[in-house]
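Q: The residues making up each chain are set out below.
Protein chains: 2
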Amino acid sequence: MKQVIVVNEALGLPPGKMAAQVAHAAVGGLLNAPRDKQAGWLQAGMPKVVLRCGSQDELFALAEQAQAAGLPVMLIRDAGRTVVEAGTPTCVGIGPDEISRIDAVTGSLKLMR
Amino acid sequence: MKQVIVVNEALGLPPGKMAAQVAHAAVGGLLNAPRDKQAGWLQAGMPKVVLRCGSQDELFALAEQAQAAGLPVMLIRDAGRTVVEAGTPTCVGIGPDEISRIDAVTGSLKLMR
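Heads up: the sequence lines are chains A and B, in that order.
First residue of the first sequence? That's 1 in the numbering used here, and the numbers climb one at a time after it.
First residue of the second sequence? That's 1001 in the numbering used here, and the numbers climb one at a time after it.
Next comes chain A alone, as it looks inside the complex (with noise of 0.2 Å):
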């Protein structure tokens, strides 16, 4: 079990900024999860990863694909007070699921730095 976060790199996001919205997928993902996922993670300790992808296009199209999988999906929207402009996707939770079922959606994806 694990849960991956993915951020649209190209905002280039201040690190404090990204921390909050990677924060607000990860606690989204897992109130979204099915008990079942939620129970499985926690146990496992929760595993997280986040990866970077390089445009919004691209961030949509993962969270359709992890949707179509039937994936526990989080898409986070800044409130845009400060950074970028109100209601811009951020990232994106995926998961807590199977690694495996993770990974067929973004084993692809890099590490964000």
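Hints are computed from structural coordinates only; laboratory data are not their basis.
Don't be surprised by glycine CBs; every beta carbon is placed ideally from N, CA and C.
Check the hints yourself; a few may be wrong.
[Said to hold, decoys possible] Computed Cβ-Cβ distance ranges for the label pairs, DEER-style:
hint	chain 1	residue 1	chain 2	residue 2	range
1	B	Ser1100	A	Ala39	28 to 36 Å
2	B	Pro1034	A	Arg77	23 to 31 Å
3	B	Leu1042	A	Pro47	22 to 30 Å
4	B	Glu1098	A	Gly107	16 to 24 Å
5	A	Gly70	B	Ser1108	25 to 33 Å
[Unchecked claim] Pairs of lysine-lysine residues, derived as DSS-like cross-links and limited to a Cα-Cα distance of at most 30 Å, are as follows:
hint	chain 1	residue 1	chain 2	residue 2
6	A	Lys37	A	Lys2
7	B	Lys1110	A	Lys37
8	B	Lys1110	B	Lys1002
9	A	Lys110	A	Lys37
10	A	Lys2	B	Lys1002
11	B	Lys1037	A	Lys2
12	A	Lys37	B	Lys1037
13	B	Lys1037	B	Lys1110
14	A	Lys110	A	Lys2
15	B	Lys1037	B	Lys1002
Following the hints, put chain B in place on chain A, whose structure we already have.
A: Frame of chain A; chain B shown alone:
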């Protein structure tokens, strides 16, 4: 209601690593909180603020103050496979709890950039 996550800035964590640690603290803090605080925070839209402190000693002192004040506290130690030594404390989640109760502990800290 809000939750803050305080990061030890002195570690110089790479942004992606920091985001994962902050997400651990956010999820762990939520799970550590009593049911009524969980519910109040969810209803408020789960506001999160990422702050910074300058040393491990300061991080520990904040965690202790928050614990003494009866706030939900989640100290995160890195598994340490890559960037920092195993077991290094990276950040602490404080809350969810009432804004004034959290500000009494973290009110003087600056936003993580």
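Q: Among all the numbered hints in the text so far, which are the ones the structure does not match?
A: Numbers 4, 5, 7 - these are the hints that the structure violates, sorted from lowest upward.
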